[in-house]
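S.K.: Take a look at the letters that make up each chain.
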Amino acid sequence: MIGSSLSRWTMAFFSGAVAFLIAAECLMVAGYGFPTMPAEAPETLLLVHTVTIGWLSLLMCGALLQFVPVLVAQPLRDETLVLPALLCLLAGLTSLLAGFLRLTGTLDSDIPFLLIGGCLLPIGFGLILWTLGRTLWQARPLPLPARFVAVGLTCLATTFLLGAFFAHILSGLISDAAMIDFRTRLLPVHAAAGFGGWLTFTAIGVSYRLLPMFMLAPEAERTTGRVVWWSGSIALLSIVMGAPVEFALGGSGRIAGVIAGLSAMAALVCYGVDLVFFYRNRRRRNIELNSKSAIGAFAALYLSAALLVGLLATGTLAIHAGALVYLVAFGWLTGLGLSQLYKIVPFLTWLECYGPVMGRKPTPRVQDLMVERRDEPLFVLYFIGVLGGTVALLADAPNLFRVTAATTLLATAAIVVELVLARRLFNVAAAVRFPKGTTPPHLFLPAIRNH
Amino acid sequence: MTIPHRDLDVRPILRDGGEPFSAIMEAVAELAPGQSLRLLASFKPIPLFQVLGARGFEPVSREIGGGDWEVVFTPAAAIAPVVETSDSVGHGVGDDWQVPVREIDCRDLDPPEPMVKTLEGVEALAAGETISALLPREPLFLFKELEARGHQWRGGFEPEGHYRIVIRAGSSGGK
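Residue numbers (UniProt numbering), protein chains in the order written: chain A, 1 to 451; chain B, 1 to 175.
One chain only, chain A, in its complex shape (with noise of 0.2 Å):
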């Protein structure tokens, strides 16, 4: 049945995503943490953590829940942890904002929030790499786009037990001064491996296959494609390995630094090219709103990259490091993340509710299910958010930064109200809404169908 091809519980880690993503917009329009506040204070860890766990990786577990096995033409392994996995993450990531608000003395509490969170966080993480590692471990020879996958595992692995030694630093557990004085110099690495291996890694891994799926590109592998993949683990290598054995021996990083810097600029030319090609070469005339708003992702991905180059340029990266952080995360992965959710979350709806009926009764088509003309200027309006929150944090305008995440809040809050819109088939009309033989899905929980 369609029912056991599709992930149980990816809809429950998007809702859990969504969720944290308007609760961090909210904190930004409220003046939250950064810009208002330091770039190392606890409440912009709160803020950081919410937006990349909270929200990245939720998306991106959920995600490569359900797509991994359509990677690899193999079922998912272990899928009973999947379940637990998510309880640890939540309730990790629940009890680490706990002890960041500890620590700015709002929360007054004895519990080791930071602890918990720091050891039910790498649980979570954990069982979903056995899950995912198991799954692609059994299909080895790996396609292309898997390979992407599996370093970018490989990368969350290596920036959660990171985080898990940063919060028993934290929590005081930890305090002999040379492992502090290492935190400081790992903490680039952690945020490296965290958004360059985990996040961008994997989704440019997934876009590989997504991307020619709904244009109709041609998707055999090609030169270009392996040079991303072998320059950016190249790149990612450099920074995870590399940086901490050239810190152990006294140096200063620069090495891994310039390596890791040229191999990632050589994997985004190559990655570039492969863009171009698969929107010049698609055979479906009209692009669908997914595709089309991704090239704002896109756009923000090489704009990052634009920025990272002058800000190194002018020696400015030490106070611009928040604006680069900020377009990578809202412009790049968020601006992916929500463009693919407006696919992913209609489609897999349409196969979980029509499916059964499927050649049996005429059912709406997966377009049906959304209303692209009402929500362009949605995307439209988040990217123009984006823009001027990396301008306002450029210009040290934390007030209009204020103002422009406004903006995003609302664009974003009217894309997630048309997702639970194509979830409750709100746009199909009524009469057509449920033929015989459909049961309407939930809203995140998994359906439990007898077919």
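Since the hints were made in silico from the structure, they are not lab data. Hints should not be assumed to be uniformly reliable.
To be verified - In silico DSS-like links for lysine-lysine, alpha-carbon gap of 25 Å or less:
1. A:Lys436 to B:Lys44
2. A:Lys436 to B:Lys144
3. B:Lys144 to A:Lys361
4. B:Lys44 to A:Lys361
For chain A, the structure is supplied; the task is to place chain B on it using the hints.
M.R.: For chain B alone, coordinates are given in the frame of chain A:
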């Protein structure tokens, strides 16, 4: 690269009241190894299916309008190897599959249309009949659905990169 079909139009012979059998067998004898024969006839040449089937050719036929038929006979060795079958297909059982009643081309459809069209085709079959479909990629969702509905399938990637699946309707047919 695959060798182009050899074309043979027997409609003029049939119109003149002639017997095209010898012309067809001559054409078959002249085929290069791995080459297929594209036959145009004014009826569906069922008897030929048996004759050429015994010589290792698999036919794929379609009606081309005006009562005329196009049948491509492909030497079995040139057909993409069957790399996968549904769990319910036993070893050796696949050999008695009927010739597909039609072949549908879903290569240029965006998801989930290839799956919808294929299932529509399957649902129209009587028990034991088969249908062939060309798909843009390996249809993972379709496999599960076919098995849930009690149909059997055989499939594999074609040299051009798309996926060809042949589905046999289960005991209750597609209904």
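S.K.: Decide, hint by hint, whether the structure agrees.
M.R.: Okay, the hints, checked on the actual structure:
| no. | hint | in the structure |
| --- | --- | --- |
| 1 | A:Lys436 to B:Lys44 | violated (38 Å) |
| 2 | A:Lys436 to B:Lys144 | holds (21 Å) |
| 3 | B:Lys144 to A:Lys361 | holds (19 Å) |
| 4 | B:Lys44 to A:Lys361 | violated (30 Å) |
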